[in-house]
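Trainee: The sequence shown begins at 1 in the working numbering and counts up by one.
In short, the hints are calculated from the structure, not lab data.
Please read these numbers as outputs of a predicted model, since none were measured by experiment.
Some hints here could point you the wrong way.
Said to hold, decoys possible - Capping the alpha-carbon separation at 16 angstroms, the derived lysine to aspartate or glutamate pairs in EDC-like fashion look like this:
#1 Lys-50 with Asp-62
#2 Lys-50 with Glu-60
#3 Lys-50 with Glu-17
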Amino acid sequence: MTWVVDASVAIKWVIPEVLTEDADRLWGGDDEMLAPDLLLVEVANVLWRKMANREISPQEADRAFTLVSESGLDLRQTAPLLPRAMQVARRLHRPVYDCVYLALAEREHATFVTADRRLLRRVSAGPHVAVADLRTI
Numbered sequence: 001m002t003w004v005v006d007a008s009v010a011i012k013w014v015i016p017e018v019l020t021e022d023a024d025r026l027w028g029g030d031d032e033m034l035a036p037d038l039l040l041v042e043v044a045n046v047l048w049r050k051m052a053n054r055e056i057s058p059q060e061a062d063r064a065f066t067l068v069s070e071s072g073l074d075l076r077q078t079a080p081l082l083p084r085a086m087q088v089a090r091r092l093h094r095p096v097y098d099c100v101y102l103a104l105a106e107r108e109h110a111t112f113v114t115a116d117r118r119l120l121r122r123v124s125a126g127p128h129v130a131v132a133d134l135r136t137i
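Required output: the full structure, derived from the provided sequences and hints.
Mentor: Listed below in structure tokens is the structure:
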């Protein structure tokens, strides 16, 4: 199976959070894992926010970012996905950056997996893409 993961999943591989075990189980399988290269920007932002809130140290943030960026996750270019992501964003009334993941899953005939509940609620009106809640995998 091929999965498209978003930052809400990838961050759990490097920072202990609720659903970390579920994310680790997903990563530990034999399935292919894809993400747009936008994921690195989003992970860096989550790490910055955790550092700013004093949840992690700058060194922990740097190590976590390195782990994600060197994880072997198959990163795809975001730019070619943007026209479709913009169409999906208009339909779902969601930010384009969320819809980039959906556009990638659609293009690759993959299943999009996320822990973002707000996004999951909106996706039912989105493109014909298989979507999975990390909580149920």
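Trainee: So, for every hint listed, does it hold in this structure?
Mentor: Verification of the hints:
1. Lys-50 with Asp-62: holds, 12 angstroms
2. Lys-50 with Glu-60: holds, 10 angstroms
3. Lys-50 with Glu-17: holds, 12 angstroms
The structure is consistent with each of the numbered hints, conforming to all of them.
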